[in-house]
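Trainee: What follows is each chain in one-letter form.
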Amino acid sequence: MDRIARINMGAAGGPTVTFEEVGEYAGLGGRALTSLLIAREVHPLCHPLGNENKLVIAPGMLSGTTGSMTGRLSVGCKSPLTGTIKESNAGGQAAQVMARIGYAAVILEGKPEGDDLYKIIINKDGIKIEVDNSLKLMDNYPLVEKLRQEYGDKVAYITIGSGGERQLLAASIACTDPELRPTRHCGRGGVGAVMGSKRVKAIILDDAGMKMRAPKDPEKFRDANRKFVEGLRKHPVTGEGLPAYGTNVLTNVLNEAGGYPTYNFKQGQFAGAAKLSGEAQAELEIKRGGSATHGCHRGCVIQCSGIYNDKDGHYITKQPEYETVWSHGGNCGIDDLDTVARLDFMDDNIGLDTIEMGVTIGVAMDAGLIPFGDREGAIRLLDEVGKGTPLGRVLGCGAEITGKVFGVEKVPVVKGQAMPAYDPRPIQGIGVTYATTTQGADHTAGYAIATNILKVGGDVDPLKTEGQVELSRNLQIATAAIDSTGMCLFIAFAIMDQPETFQALLDMLGAFYGITMTGDDVVALGKKVLSAERDFNARAGFTKAHDRLPRFFYTEPIAPHNQVFSVPDEEMDQLFNW
Amino acid sequence: MNATRQTRLTLTLPSSLIGDFFPILQQGFFVTAHVGCTLQRLLCRQWDISPDYVATRITTIFLNAKATDNVETAVVRDGATIALSGAMPGLVGATMRRGGHLAAMRGAMTYHETPADAVDRIGTVRVKLFNILLPELGPAFLGRGILVSCDDLASFFRERDESFWKSCDGGILDNMQVSAGRLRAEPFCREGTVRLTVNFR
Numbered sequence: 000m001d002r003i004a005r006i007n008m009g010a011a012g013g014p015t016v017t018f019e020e021v022g023e024y025a026g027l028g029g030r031a032l033t034s035l036l037i038a039r040e041v042h043p044l045c046h047p048l049g050n051e052n053k054l055v056i057a058p059g060m061l062s063g064t065t066g067s068m069t070g071r072l073s074v075g076c077k078s079p080l081t082g083t084i085k086e087s088n089a090g091g092q093a094a095q096v097m098a099r100i101g102y103a104a105v106i107l108e109g110k111p112e113g114d115d116l117y118k119i120i121i122n123k124d125g126i127k128i129e130v131d132n133s134l135k136l137m138d139n140y141p142l143v144e145k146l147r148q149e150y151g152d153k154v155a156y157i158t159i160g161s162g163g164e165r166q167l168l169a170a171s172i173a174c175t176d177p178e179l180r181p182t183r184h185c186g187r188g189g190v191g192a193v194m195g196s197k198r199v200k201a202i203i204l205d206d207a208g209m210k211m212r213a214p215k216d217p218e219k220f221r222d223a224n225r226k227f228v229e230g231l232r233k234h235p236v237t238g239e240g241l242p243a244y245g246t247n248v249l250t251n252v253l254n255e256a257g258g259y260p261t262y263n264f265k266q267g268q269f270a271g272a273a274k275l276s277g278e279a280q281a282e283l284e285i286k287r288g289g290s291a292t293h294g295c296h297r298g299c300v301i302q303c304s305g306i307y308n309d310k311d312g313h314y315i316t317k318q319p320e321y322e323t324v325w326s327h328g329g330n331c332g333i334d335d336l337d338t339v340a341r342l343d344f345m346d347d348n349i350g351l352d353t354i355e356m357g358v359t360i361g362v363a364m365d366a367g368l369i370p371f372g373d374r375e376g377a378i379r380l381l382d383e384v385g386k387g388t389p390l391g392r393v394l395g396c397g398a399e400i401t402g403k404v405f406g407v408e409k410v411p412v413v414k415g416q417a418m419p420a421y422d423p424r425p426i427q428g429i430g431v432t433y434a435t436t437t438q439g440a441d442h443t444a445g446y447a448i449a450t451n452i453l454k455v456g457g458d459v460d461p462l463k464t465e466g467q468v469e470l471s472r473n474l475q476i477a478t479a480a481i482d483s484t485g486m487c488l489f490i491a492f493a494i495m496d497q498p499e500t501f502q503a504l505l506d507m508l509g510a511f512y513g514i515t516m517t518g519d520d521v522v523a524l525g526k527k528v529l530s531a532e533r534d535f536n537a538r539a540g541f542t543k544a545h546d547r548l549p550r551f552f553y554t555e556p557i558a559p560h561n562q563v564f565s566v567p568d569e570e571m572d573q574l575f576n577w
Numbered sequence: 000m001n002a003t004r005q006t007r008l009t010l011t012l013p014s015s016l017i018g019d020f021f022p023i024l025q026q027g028f029f030v031t032a033h034v035g036c037t038l039q040r041l042l043c044r045q046w047d048i049s050p051d052y053v054a055t056r057i058t059t060i061f062l063n064a065k066a067t068d069n070v071e072t073a074v075v076r077d078g079a080t081i082a083l084s085g086a087m088p089g090l091v092g093a094t095m096r097r098g099g100h101l102a103a104m105r106g107a108m109t110y111h112e113t114p115a116d117a118v119d120r121i122g123t124v125r126v127k128l129f130n131i132l133l134p135e136l137g138p139a140f141l142g143r144g145i146l147v148s149c150d151d152l153a154s155f156f157r158e159r160d161e162s163f164w165k166s167c168d169g170g171i172l173d174n175m176q177v178s179a180g181r182l183r184a185e186p187f188c189r190e191g192t193v194r195l196t197v198n199f200r
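Each protein sequence line maps, in turn, to chains W and B.
FYI, the numbering for the first sequence is 0 to 577, going by numbering that gives the first Met the number 0.
FYI, the numbering for the second sequence is 0 to 200, going by numbering that gives the first Met the number 0.
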């Protein structure tokens, strides 16, 4: 992983490839690499779908090694949805394969003239770029099936569906899972539209003839990885809850807590939540011959995904995640898992962010296009997006645009990006993160990382309700660092609760790169990434006025706790002061 | 809960069917309990859950929809709703944990005990079981008997598939043998509550 490949899609005479040493980006991966590079090289005022924007695809620091949970792929660019810098990441096989081929990053630059569509083949012999107009407007599942006939099953695919090709602002980039299904998506921020603007339909990654990346100290690395895996397996979240029920195990708890936004963020509880729960989902999956336990990439020990079949035992989609079940389910007043599964499949197939699309349909319901709870109506709306009708193009550009087009006053977005499945009124701390993150409303931007162990920013008294800003700051710093390692965020719980597991992670990084890593180094990396992102956004015209929730969160209480968001603006404005 | 009329139904089923009862256990069922005591006392003394299990497995507790940190001070009053869960993923999952270092993020969702009267009496509480606690605590609650509404139980039987009915030999309804066919075919009560006891073999 010592090279960077730059593919100029807009070069005169057709796309060109140049290679360079990783240079000053050595030892960086994932979000650190994408964000530092975008912040340095992309003009912050460029049009996100124009030739000045770049799409940086980067595996994590430990991707392509034998290390467990190292399979996240980061994609960075200026977001067409938010106008901010964007890092979106996904599981699947792509990160491992790209890293083994030897690339720290592949950068798509420029924009071709004309209407040709391209595919890029990356293997040990180099990079080939070919026109393939037979792929035009294909959606992800049939697209991957077609590519498999030519490139086989021992590769990984990165693709966009018709959503990306149409440059819809909710378009995602799909990565194939171990079964070569396009189920793992860099979903947020419209990164698929940027790939579509470069006219790149598919990237085929073939690591035949390449070996696992070798650590500087193999024995220490193996030992640290073993301890890391032990830690994940013994922790109740990563060893029991997630493997048994997936992320959707949160539905019942969020609903009970009154933090489950329903009917486009009008209520904090949903009467049909138990029908949508991870527990119900797992039962159904197992009963129908699917699976409630499945890894999105090889080397995953948590296995939080699954296979969702229909009542006749035929595959519908991978196990929909909590945020998907919420966005298409409870948020729209729909209490039927089969409907959610169909919508999840359509999102993956068309290539759309499930959070953005569920919230968009909720806004469309609020506008009166269809009633809340209308299962077939929701499917019909998403079908419009797949067909690229005028209505579908509006919906495919996300909640904010849909709200504007249909005159909806209450649209739950920050910086143009739809809010995920946690209402910021009862859970004020997550509201701070939604408002201030560099990425637009994003629940993973301030994840439950080991701030207690890192002691980043000092301790916050858990018995006091103050300190939301400080907590959010600490979590955002730690999350930026973990996103840079390429580790799955779900390792968070084991490293938060078990200091020895956190140390094992540091030892893995240290043994691989031949350095000694400390918690302070992790914090410094997180701050460096956030500072670069924040600086880019400032140059793009973002000010503290953009670090706010939509007004209705400050004025309309939500049941059952009947709270409004009440963290003072002045406190939020201090978040990035370190 | 309408206590005017109470039907009693006892079923004996293979343990493989415990999953069929998860929807009822998640949505919430009622139990008769001695209220006015602490949550710890209710869980450990009345429901016979070991203190160690409460400390290590029941890591998330909601009392009346508020996250509860201290089971030794939280008092259960008549009509309370108690939701019990294992450790949860996600930032919010970690936030809801008992005594977690992210508890400050909850704000007003944290349960605070008040000095208001807590009458020591026999009452009814609603219980919800989530995730890993469903198979671990569910059989004991069902074995002791839970209160569900006639409507909910009728819905439950209506939604069972063939595999359930193949394994169900009927039960005892108000001290009388009742066939699986009758349970399946018609509602055996129209109003009030049913005390449902399920023994797993």
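Be careful, since some hints might not be right.
Unchecked claim - Restraint ranges, calculated between C-beta atoms of paired labels, are given here:
1) SER49(B) / ALA270(W): 30 to 40 Å
2) VAL118(B) / VAL563(W): 29 to 39 Å
3) ASP114(W) / LYS165(B): 52 to 62 Å
4) ASP311(W) / SER166(B): 18 to 28 Å
5) ARG225(W) / ARG200(B): 37 to 47 Å
6) ASP311(W) / GLY180(B): 22 to 32 Å
7) GLU569(W) / ASP160(B): 29 to 39 Å
8) GLU71(B) / ASP568(W): 35 to 45 Å
9) ILE285(W) / ASP77(B): 33 to 43 Å
None of these hints come from the bench; they were simulated from the model.
Cβ coordinates follow ideal geometry from the N, Cα and C atoms, glycine included.
Trainee: Work down the list of hints and note, for each, if the structure agrees.
Mentor: Hint by hint, here is what the structure shows:
1. Taking 30 to 40 Å as the suggested C-beta distance range, the pair SER49(B) and ALA270(W) conforms, at roughly 34 Å.
2. The hinted range of 29 to 39 Å is satisfied by VAL118(B) and VAL563(W), whose Cβ atoms lie roughly 34 Å apart.
3. Range check, ASP114(W) to LYS165(B): Cβ separation about 60 Å, and the 52 to 62 Å hint holds.
4. Against the hinted window of 18 to 28 Å, the Cβ-Cβ separation of ASP311(W) and SER166(B) comes to about 22 Å, which satisfies the hint.
5. Our hint of 37 to 47 Å for ARG225(W) and ARG200(B) holds, since their Cβ atoms are close to 42 Å apart.
6. At about 27 Å, the beta-carbon gap between ASP311(W) and GLY180(B) stays in the expected band of 22 to 32 Å.
7. Look at GLU569(W) against ASP160(B): about 58 Å separates their beta carbons, and that is not inside 29 to 39 Å.
8. A hinted range of 35 to 45 Å holds for the C-beta pair GLU71(B) and ASP568(W), which are about 39 Å apart.
9. For ILE285(W) and ASP77(B), the hinted distance range of 33 to 43 Å is satisfied, since their beta carbons lie about 38 Å from each other.
Checked against the numbered hints above, the structure breaks only hint 7 and satisfies the rest.
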